[in-house]
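Colleague: Using the sequences and the accompanying hints, generate a full structural model.
The sequence shown: position 110 = 110 (UniProt numbering), numbered continuously.
Wrong hints could be hidden among the right ones.
As the list claims (entries may be wrong) - Calculated cross-link-like contacts (lysine-lysine; reagent style BS3-like; alpha-carbon spacing at most 27 Å): (1) K666 with K635; (2) K629 with K587; (3) K686 with K587; (4) K782 with K567; (5) K666 with K222; (6) K262 with K247; (7) K782 with K222; (8) K247 with K319; (9) K80 with K122; (10) K122 with K143; (11) K708 with K862; (12) K587 with K567; (13) K143 with K116; (14) K157 with K116; (15) K157 with K143; (16) K80 with K41; (17) K459 with K567; (18) K247 with K666; (19) K97 with K116; (20) K618 with K686; (21) K80 with K143; (22) K618 with K635; (23) K319 with K455; (24) K587 with K708; (25) K629 with K686; (26) K371 with K339; (27) K41 with K143; (28) K116 with K80; (29) K122 with K152; (30) K618 with K708; (31) K157 with K97; (32) K459 with K371; (33) K247 with K270; (34) K782 with K635.
As the list claims (entries may be wrong) - If you anchor each label on the Cβ, the simulated ranges turn out as follows: (35) Y823 with H583: 44 to 52 Å; (36) N87 with D194: 47 to 55 Å; (37) S269 with E379: 45 to 53 Å.
In short, the hints are calculated from the structure, not lab data.
Note that CB positions come from ideal geometry on N, CA and C, so glycine has one too.
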Amino acid sequence: ITFALVNVLAIAIGDISKYRNANLNVCLHFQWEEVSIMDEKNIPIRTYQVCNVLEPSQNNWLRTDWIPRSGAQRVYVEVKFTLRDCNSLPGVTGTCKETFNLYYHESNDDRESYIKESSFIKVDTVAADESFTQVDVGDRIMKLNTEVRDVKVTTRKGFYLAFQDVGACIALVSVRVFYKTCPLTIRNLATFPDTVTGADTSSLVEVRGSCVNQSEEREEPKMYCGADGEWLVPIGGCLCNPGYEDKGGACKACTAGFYKAKSSDVGCSKCPPHSHSLRDGATVCDCHSGYYRADTDPPAMACTQPPSAPQQLISVVNKTSVVLEWSPPRRLGGRSDTKYPRLGSDSGSGSQLCLPCGSDVVFSPGQTDLKATRVVVSELRAHTHYTFIVQAGNGVSQISGAGTAQSVSVTVTTNQAAPSPVSSIQATDVTRHSLSLSWQQPDRPNGVILEYEVKFYEKDQRERSYRIMRTFSRSVDVTGLNPLTVYVFHVRARTAAGYGEFSASFEFSTNSDPFPLIGEGVNSAFLLLSVSGVGILLLISAAVFIISRRYTHTNMHTLLSIEPGVKIYVDPFTYEDPDQAIHEFAKEIDVSSIHIERVIGMGEFGEVCSGRLRLQGKREIYVAIKSLKAGYSDKQRRDFLSEASIMGQFDHPNIIRLEGVVTRCKPLMIITEYMENGSLDAFLRKHDGQFTVIQLVGMLRGIASGMKYLSDMSYVHRDLAARNILVNSNLVCKVSDFGLSRVLEDDPEAAYTTREATGTYLSPGGKIPIRWTAPEAIAYRKFTTASDVWSYGIVMWEVVSYGERPYWDMNNQDVIKAIEEGYRLPAPMDCPVVLHQLMLDCWERERAERPTFSQILNMLDKLIRNPGTLRRTGGERPTATMLESGVGSEVCVSVVPEVCMPEWSVCEWLQSIGLERYRDTLAAAGYTNSTVFRTFCLSPRTHTTFLVNGILGKDERLQFPGVNT
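Modeller: Laid out in structure tokens, this is it:
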């Protein structure tokens, strides 16, 4: 807090001998006198005083000099004064006062030597908390009062203060004028200048900070200057540049031997082993001679060296395969990323160069970048010399100047080997009892093929009984087979080194026999027909099985979905410990996962901010963050957490979603999903007339869906209004603000009541807005789902009227009286008749006659599916064409149980209402016996008018038997 105007004003009336009338002057009346008195410590002080209590109609003014505003938007005036108790003054009858008035006048300069009384604006009437009564000779035993008043000054460069006495015995001891600022501060390495507070007591001034020297923005630094001169909600901040660290709010260079590589590092670190820094402000430490750092190595890693050569390389030859094994290098160079980047071979060419192996050679697990110290090399050529070279390397081996890679080599000769398997077999000349096979030579014969061996068996036998044939050629004729039988064949080759492996299996089937195996006299056509019939039967059986399985699965799924039952809401106020409820229904979030970006409002318990939430394993989302301001009471903490305990029990797309809470550190926070478009009432007022009727009905449908969910959980909201509906970027409406909510008991007639009425709202338990509250809740403090339905009707009116205030400027008492007398809100402009009728149904006096949220939801779904029903508004008159075309039949405007007329022919209809005499009249007008009258949906207790467009007589009144409407 800065008292910036003290020196300018220089009003220290206690030292009036020094300042005289430089700042206080008598401009209108001269009854104020400059007098010396004794203060409480018997020290003489100079005051301005007036005490004309015996004369009526006093009007004594004392005005200051012009006071420059100096950028202040709200100034504070501290007045110290003494006041005489009127009862202690003898002979005073009604002329004595015990108050005085404080005024101000704004002006752009100090040239106004005379100011009219009417030009001053009254600040307040000031009364004394303490007054003195005793008077001694020459001395006064006085009691000093101190009062502070604030004045909003924003239109002129300066102002005057004036004090009006209207008949008090008063002495002004001192006047001090000051304004408040949030002082210069450094927060998160950002400097925030001395900032004047806002003009309003609840306003927040957003201030952007500037990074201190040798720092950079991590995120735009911002803070808010509160009206009390305190900085609030620091957002973002700066980070010291590489080579600098935070030292008491300033960035200081790292000293020699230390470094800082990134701005995000906490502070300077000592150089890692085998490195050094010789200057201040180093961002990385240089490696010692003979040591290196790879590009991917972090600056905090020690400088290292390449490894030495691998040790003890041994080889084991197995025919055309070689197993190589070695030990790690004796010196790893201080690193753990040792690999064997090169495993080469020389296939006996005599060259000293290491040639890469052919593509047909297989290295397992690989040929390059090996971490293991063992590799198997296969698919080599038989009787061939190979030299294998194994190199060791690490992350710094390829750095220029690190030297050549160290390696070790071994030379081996492969043995004679069996041939590789045959890759493919073809079948030709297939008959009933034989077939011919042929194949190609193996890819690697590894010598001269001496013979081939063919193994075959019936597929059903699965190699339990097989036969073998041998041949010197690459083909064979297999005879003695059974007809219509599938056989499996394998082929392998033999060299001097022995047999190779059998090939993969190949299946071939013989042809069918022209005669059946089960008897004589049956021809092939009959056999084919029999086989076809069996196939069809198998297909039908499979289809029946699949359908039955699906039917059983569907029934089981239905049973499982029904059995769990309906979830019932649990009142968190039934818990003795509020922490138990919050931990049961809400998820605790680590505060480090929350990133606050900006303040979007002030809530009942503290600031409301927007930000981002990043949970491990999930994508980052935008959230709203409610915080509990410091200095809260136990009740405030319980109320704050209870709202999260309530929200945590709900899971519905039209109910605001709770992401979690922060209770393990301060401030306490409630994290919910972020709704970009804010409250529904403000959103509609901002976009007045910009939506179609279908879009508005879609919004209402979402609200009804959320309220149906709450009512199904036996839950009463009690404060359903457009201001408590939030809208996201997709125009999805979600019910929020559960501060007034209460749970229903098992008894459907149960209700929660409040204890007393105070003015325009009912309390305790939260304020209840009269304009949205059902009559029984106002009169008897009864709150049920039916009272929420009444409130929903008001929300419908708000939506269709684009956020207009219900009942306009009527006061609450007039609203209550009008509702009791049967008044209901009229249809807003261009409101479809069906929507206004639905509102009227919600506003039925009797609770039992109001629709349920389930019925409301069904009604809105019908309207959305049949948008033609929304075209007729209250300004249109129904016509016979409307009724005949079906418009009237589609508009069943009541969601309560309906009374509907059956479908009749003209003759039946006229007979049922006793108007058979008009049969010929209707027939002449084009209505014949084939015409069927559409059903009329009639709402009970509703006056219904039928227009017949002049077909019947003018004076006829239609009476419908059995219909009481």
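Colleague: Within 27 Å, alpha carbon to alpha carbon, are K459 and K371?
Modeller: With Cα atoms ~45 Å apart, K459 and K371 exceed 27 Å; violated.
Colleague: Taking only the CA atoms, is the gap from K618 to K686 under or equal to 27 Å?
Modeller: violated, 34 Å
Colleague: Given the range 44 to 52 Å, decide if the beta-carbon distance of Y823 to H583 lies inside it.
Modeller: The hinted range 44 to 52 Å holds for Y823 and H583, with Cβ atoms some 49 Å apart.
Colleague: Hint check: K41 vs K143, CA-CA at most 27 Å. Holds or violated?
Modeller: The hint holds at about 11 Å.
Colleague: Can you confirm whether the C-alpha distance between K319 and K455 stays at or below 27 Å?
Modeller: holds, 25 Å
Colleague: If you draw a straight line from the CA of K666 to the CA of K222, is it 27 Å or shorter?
Modeller: The given pair, whose Cα atoms are some 20 Å apart, holds under the 27 Å limit.
Colleague: For the pair we were handed, K122 and K152, check the Cα-Cα distance against 27 Å.
Modeller: holds, 12 Å
Colleague: Are the Cα atoms of K247 and K666 separated by 27 Å or less?
Modeller: holds, 25 Å
Colleague: Please work out if K262 and K247 have their alpha carbons no farther apart than 27 Å.
Modeller: holds, 16 Å
Colleague: Given the proposed pairing of K708 with K862, does the C-alpha separation stay at or below 27 Å?
Modeller: Distance ~16 Å between K708 and K862 Cα, so the pair holds.
Colleague: Could you grab the alpha-carbon distance between K97 and K116 and see if it respects the 27 Å cut-off?
Modeller: holds, 23 Å
Colleague: If you draw a straight line from the CA of K80 to the CA of K143, is it 27 Å or shorter?
Modeller: The given pair, whose Cα atoms are some 10 Å apart, holds under the 27 Å limit.
Of the hints listed earlier, those the structure fails to meet are numbers 3, 7, 8, 13, 15, 17, 20, 22, 25, 30, 31 and 32, in rising order.
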